[in-house]
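Q: This is what each chain is made of:
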Amino acid sequence: MSLTADKAVKRPDGRTRVDRRQWTRLLAAASSGMRGRIGLALTAMVVLAAALGPFLAPYSPTQFVTTPFAKPSAEHLLGGDDIGRDVLSRVLAGGWVLLVMAVAATVIGLLLGTLAGVCAAYLRGRWDGLIMRSVDIILAFPTVVFALLLVSVIGPKLWLIVVAVGVSHAPQVARVMRAATLEISERDFVKAVELWGIRSWTVMRSEVLPNLSSPLMVELGLRLTYSIVIISGLSFLGFSQPPPAPNWGLMINENLLGLAANPWGVVAPAVLIALLTIGTNTFTDAVGRLAIGVGRGNEEAAAGGGVAGAVMLGELQQFPLDDTVVEDPEATESREPTVD
Amino acid sequence: MTESTDPVVRLSVDNLQVNLAGKDVDVVSEVSFSVAQGEVLGLVGESGSGKTTVAHAILGYARRGLQIAAGTVRLDGRDLLTLPPRELRKVRGASVAYVPQDPGSALNPVLRIGTQVREILTAHPGAVANVDDRVREVLAEVSLEATPDMLRRYPHQLSGGQQQRVALATAFALRPSLLVLDEPTTGLDVTTQRHVLETVRDLCATYGVAGVYVSHDLAVVRELARSVGVMYAGRMVEFGATQVIFDAPAHPYTARLLRAIPSVERSHVLEGIPGQPPRPGQRPEGCSFAARCPLVIDLCRQEPPPVVPVGQGGHLSRCVKATETILPPMPQAVVSAGRPVAAADEGRGMAVRDLRASYGDTEVLHGLDLQVADQSCLAIVGESGSGKTTLARCLVGMHQKWRGEITFGGQPLQPGVKARLPEARRALQYVFQNPYTSLNPRKTVEQLVEQPLGYFFDLPRSESRERVVKVLEDVSLSTAFLRRYPDQLSGGERQRVAIARALVVEPDLLICDEVTSALDVSVQAVVIELLRELQIRRKLMLVFITHNLSLVRAIGHQVVVMSEGRIVETGPTDDVLDRPKHEYTVRLVEDIPKIGAASGV
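Chain order of the listed sequences is A and B. Numbered according to our numbering, the first sequence terminates at residue 330, and the numbering increases by one at each position without gaps. Numbered according to our numbering, the second sequence terminates at residue 1520, and the numbering increases by one at each position without gaps.
Chain A extracted, bound-state conformation (with noise of 0.2 Å):
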């Protein structure tokens, strides 16, 4: 609480104008906390490395340069992968379409999902019952599993990936917002509103939604997680990129047999992947424990307190800090080598 309690209080006299949307000031405070720089200097390192990459990479990263397996050398600093391309190229160019496929299954599986949550927990009754039993039925498919059932009927398109995960992560992000707009729903400020007649949709665009930014910005960081490592995963078994794009799903399983040989062509992509999946994890974390921070001021802001209460007027969240406990960021890397 005093962290962000201080934050607020050194406001100026309120002239001045302050950015008041909650999800830059969270980012904001999460980025100034040791937790938050390390997950964001790691996830900035893997992001400059997929982005600038293709730029950089020595040589193209589908001509075969040197023999299959061969061991670092000068030329060729992490050495060849399984038929003799140069593996630094490779992963410095095998990053960005993993990363841009990540970023937008996460995107889409946060307006689905915030979408039916919103609506379930407001609009109750008959779309609720309606809304979270289809949440239930794409739960109960496994998203590897509902994702290579789409593949393989429709095809190993790289937006069909895209859509498949964004919509298994729909029904989690559903239920997180059902939650917290229950609880906001019911705030008297709600009410005020709805006692002027006004209709439902604005209602939720207007009072309810600018209150989810903190669960919102937590989910945001949980799904990219998710969805980095289950899209590489993907890769992993083939349903990405056909073979020779360079893919660091795919390089591991490539160079897997050489792993005696020329470790680098495993060990790079894999501790990219697992880099970047620390990163963002322990940046979320970061988010998700000041969410829940701000939310402890509450008694303060009922008993007529003030900045530091108030700040926390607008927060919620138990859920998304245990979900984000739950996953650490070991589970995490190990999940990913062994996906097959």
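Bear in mind the hints are in silico, worked out from the structure with no lab data behind them. Please note that the accuracy of each hint is not assured.
Claimed, not checked - Subject to a maximum C-alpha distance of 16 Å in a straight line, what follows is the list of computed EDC-like cross-link-like pairs (lysine to aspartate or glutamate):
no.: 1; chain 1: B; residue 1: 1513; chain 2: B; residue 2: 1502
no.: 2; chain 1: B; residue 1: 1513; chain 2: B; residue 2: 1142
no.: 3; chain 1: B; residue 1: 1362; chain 2: A; residue 2: 178
no.: 4; chain 1: B; residue 1: 1513; chain 2: B; residue 2: 1121
no.: 5; chain 1: B; residue 1: 1337; chain 2: A; residue 2: 184
Following the hints, put chain B in place on chain A, whose structure we already have.
A: Structure of chain B alone, referenced to chain A:
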């Protein structure tokens, strides 16, 4: 230090200071007082004054984020603050007992009452020879019969008053030397409150316990405590015998506080205290109250005021003018209560006939009839569970399950708000109880107040802004507030914004549901006066719902007394409060703690 009285001093607190953990910012400091055997000290103050922090510190406890930085708390000569944790644990429960504010959350919901009381006895083995006898004994002391049936009940099977008595029994079970009570009667009905207070007083006297009673309610403290300490901004600003404090307060804050309290006996203009107390870390060099004090002189702002003895009997005041502070007598201006009742004129008024509301299959309102006359204020008073809030929700359309007839401005109202005409929705506005939850924290004051305008009128931007500014002016908020967010406002300011939001659409009738119950008395006074003034100036009809009879006296022209879903008495305010006819009203008026005729004036 302050005793000129004879009995043995049990608790003496000296120079207590509590800081924000790890910082050099004090939340509470320089607090000294003592309590003698069998006496109760009342610790009063508004929210944020540090009274609960002091109460906790006496137990050697500091809330997370705080730490006890200095001072001593001596109980029977032993300093509790220097005890090692093991020793402290032995002392807690055995010689120091604590009764928290909300018994509902203090009792473990899965333990039976018997187990619960027994728990503390078995946690201190050897303290009591026969545990079962003691359980029976303490329950009898708090007027609960220790029948096997009672002992086997769970907390949720008891009423709020019974729960609080179980908490008291637990506290007294080991015959402690010190009992700390933190607003134990907040949330209880007046009659129950009276019983609990009597129990506390009797038990303290019988067993020679030193009691510390923390409360924001001065009337309660007056009934219970022998001496009173008034807290403000983390300092004890006045300390003295109860009688003296209430009759001749020496500190301007105490005096102002007393004038803000509505009286059930007389109707007088309530005088709030403008401004708000400084927060820890932002307290000024000089007197913390200087910014709000009507008697302030330059010296007050320069250095912290000394503690000055006033008269005899250990009366202390932290004020440079302590010995001369006499605020002008209380303004006696009486409200013109009992305004002509134009009940017959239903042109603009509201009439309710045979209103029956239910939750599920349970009927909770059993046929209510009432009228709100044009330009008058109808106060609806009742204890919790009387159905007054349900009534309000039926009127405004939030609770849809009712039968009967409500006419407003000559037109019948539909049950649900969505079925009503926009015109009816506009003319009938509602102000919520808790301003901390009724304003969207993501919107500025301007956006909040403008919002209903946008829905009900199609105004050009400049004109709607003009209206917002004007209505904020009406509730005494300057344009500087336009860009602020709710978290930058105090409780009183928030409630004024909520009122402005209701008024901006020019309603005919305003329903106020316990609008001051989340506010401090000094702020409550401001809000009540504001409502009264607005009601007259804007020719509003007001339905004012409250559990506080004193407020009814302050604002209501007509009063309706509710009990268990029925109206038991109705009439002009002064008639009903001075000459209550129904036994329920009689009891209600009798049981309410009174600040006493002697108080202000």
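Q: Please go over all the hints and tell whether each is borne out by the structure.
A: Hint check:
no.	hint	in the structure
1	1513(B) with 1502(B)	violated (19 Å)
2	1513(B) with 1142(B)	holds (8 Å)
3	1362(B) with 178(A)	holds (14 Å)
4	1513(B) with 1121(B)	violated (19 Å)
5	1337(B) with 184(A)	holds (9 Å)
Hints 1 and 4 from the list above are not met by this structure, while the remaining hints are.
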